[in-house]
Amino acid sequence: MSTNAAARPDFRHFLERRSFIEMGARERVRAVLDSGSFRELLGPFDRIKSPWLPLQGIVAQADDGVVLARGTLDGKPALVAAIESAYQGGSMGEVSGAKIAGALERACDECSQGRLILPVLLFETGGVRLQEANLGLAAIAEIHAAIIALRRYVPVVGVIAGLVGCFGGMSLAAAMCTRLIVTRQARLGMNGPEVIEQEAGIEEFDAGDRELVWSVTGGEQRHAVDMADDLLEDDADAIAAAIRNAFREGPTPERSRQIERYVDLLRSIDPNQPLDGKSLRTLWGRVPKP
Amino acid sequence: MSQESVLSRRGRIWFDALTDGAGVIDSGLRSVRVADAALGGEIARFIAVVPDAQNRFPRARAGEVGLDEGWTLARQVRAFAESTEDARRPIIAIVDVSSQAYGRREELLGIHLACAAAADAYASARLAGHPVIALLVGKAMSGAFLAHGYQANRILALDSPQVMVHAMGKEAAARVTRSSVEKMEKLGEQIAPLAYDIRSYAKLGLLHKLIEGIDADAPGRADVDRVRAELTSAITDTRAGSSDLGGRLTSPAARKMRAASIEVRLRLAEQWNAQS
Chain G
1 MSTNAAARPD FRHFLERRSF IEMGARERVR AVLDSGSFRE LLGPFDRIKS
51 PWLPLQGIVA QADDGVVLAR GTLDGKPALV AAIESAYQGG SMGEVSGAKI
101 AGALERACDE CSQGRLILPV LLFETGGVRL QEANLGLAAI AEIHAAIIAL
151 RRYVPVVGVI AGLVGCFGGM SLAAAMCTRL IVTRQARLGM NGPEVIEQEA
201 GIEEFDAGDR ELVWSVTGGE QRHAVDMADD LLEDDADAIA AAIRNAFREG
251 PTPERSRQIE RYVDLLRSID PNQPLDGKSL RTLWGRVPKP
Chain X
1 MSQESVLSRR GRIWFDALTD GAGVIDSGLR SVRVADAALG GEIARFIAVV
51 PDAQNRFPRA RAGEVGLDEG WTLARQVRAF AESTEDARRP IIAIVDVSSQ
101 AYGRREELLG IHLACAAAAD AYASARLAGH PVIALLVGKA MSGAFLAHGY
151 QANRILALDS PQVMVHAMGK EAAARVTRSS VEKMEKLGEQ IAPLAYDIRS
201 YAKLGLLHKL IEGIDADAPG RADVDRVRAE LTSAITDTRA GSSDLGGRLT
251 SPAARKMRAA SIEVRLRLAE QWNAQS
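For the protein sequence lines, the chains are G and X, in the order given.
Under our numbering, think of the first position of the first sequence as 1, with each following residue one higher.
Under our numbering, think of the first position of the second sequence as 1, with each following residue one higher.
Since the hints were made in silico from the structure, they are not lab data.
Small disclaimer: the values here were computed from a predicted structure and weren't measured.
Every residue, glycine too, gets a C-beta built ideally from N, C-alpha and C.
Derived DSS-like pairs: lysine-lysine, alpha-carbon spacing no greater than 25 Å straight-line:
#, chain 1, residue 1, chain 2, residue 2
1, X, LYS203, G, LYS49
2, X, LYS203, X, LYS183
3, G, LYS49, X, LYS256
4, X, LYS203, X, LYS186
5, X, LYS203, X, LYS256
6, X, LYS183, X, LYS170
Short derived list, chain X residues pointing at chain G, Cβ under 7 Å:
#, residue
7, ASP120
8, LEU194
9, LEU245
Build the full structure now, drawing on both the sequences and the hints.
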């Protein structure tokens, strides 16, 4: 059998690669933390469920779709929160939102007393769970508050792997992260394409045009215009390594604080001129780091 | 024409009434009104997002929080917090926002980032010790409320049928959940977090004060004085408390309606450190 020798290592790597996207939330957290260090908080046996879904005839899952675990990263205390996209589209309800906010609040308390805990958020969410509407929105505001408070002590690292992506109020949480890691299968946006199409019309945004949708909110595009820090393949080991690397490199100025930079960038945009993902890359493309 | 399509003047009305036209600062945008005006014996920064029919971004002409609005809110909040760092002056967000701007261009240019920057600025000012108060005078919808108001130490609202809080506009939410506006309104009567009206929202324990008996569309002198007094009292209350949002879980209403949010935090505290 004649094989291109130079290509073989890549091919083997591809075969040996563990897909992160195919993992459920619990498996993802295990893949991120140091081996054997996973200790779940408020797991399914604690049975803290949504009090609101059963009132609407929907079966509530025992962990409300969020997995929280303490453990270590390179031996240092860490907290990982992961959203399960297979349950209610990864939507944020009262309990799932409170789990993330409450865990970040505790981590913040610890950090303020000099005991650093490295926080990691694995996003996979459409935003507020409409069946819990205002309590989901309130919980997201509390997640934002906790990220901003925690960021004073330690970098907050976010990951969007796909396939659901990160939308709605949780896209703001992703934007607040010190470091944001995405894959090519990730999507990041505030308003889902379907919602824009409904609100603003199909001529504004054709949600059925997959290529268009990816060229606006896809991970590769977000990375190319410097709205995400690391673009990775769907590889659990690579993602785990990038998270560790982000903590090693330490704090950087968060995008949500780079006001003058973005005010200037926006000023250069003429809304009367056509704009697509490709032309934005020319205008806002990331500058190679020296 | 549906009531939805009539531009709300509430934000502008209350901005003008509370500041009395004093201390207006050019934010660079007609849609973001800013003034440093007297309140309870000190100077406070008042900020409102208002409709601007000439907004250069067409999707942000009806009072939505768009790209320019998000970054301008962030800049105006941070500039005031930095310039009054020692005195820790209050910031008042006057809230009447129908939604974030929905558009393809908005997504491309990072509307999520613009809204995050505004929320970040309000939260950072709060953590630095500035009392941040949100006054809901009209709609407080979804991502727009997250960007402008939801990071406040205290949320106050006028008791008026046009004052609403929700995660998604009624029509859109009905379409997304394949339901009807009528069905959703019915469900909201039974399940408080699903309702839009401010009286239902008040039941959730997130509101510091529901201010009753105010003419929200044409406030008289007495109305304005009462709202000013409520704002001042909320500022005093804030200064006596902590800079986090923990106060949203302590009221009798919160203990009832957000019992699960409280339980999650209690159980987390129990399990935080490993038993060995």
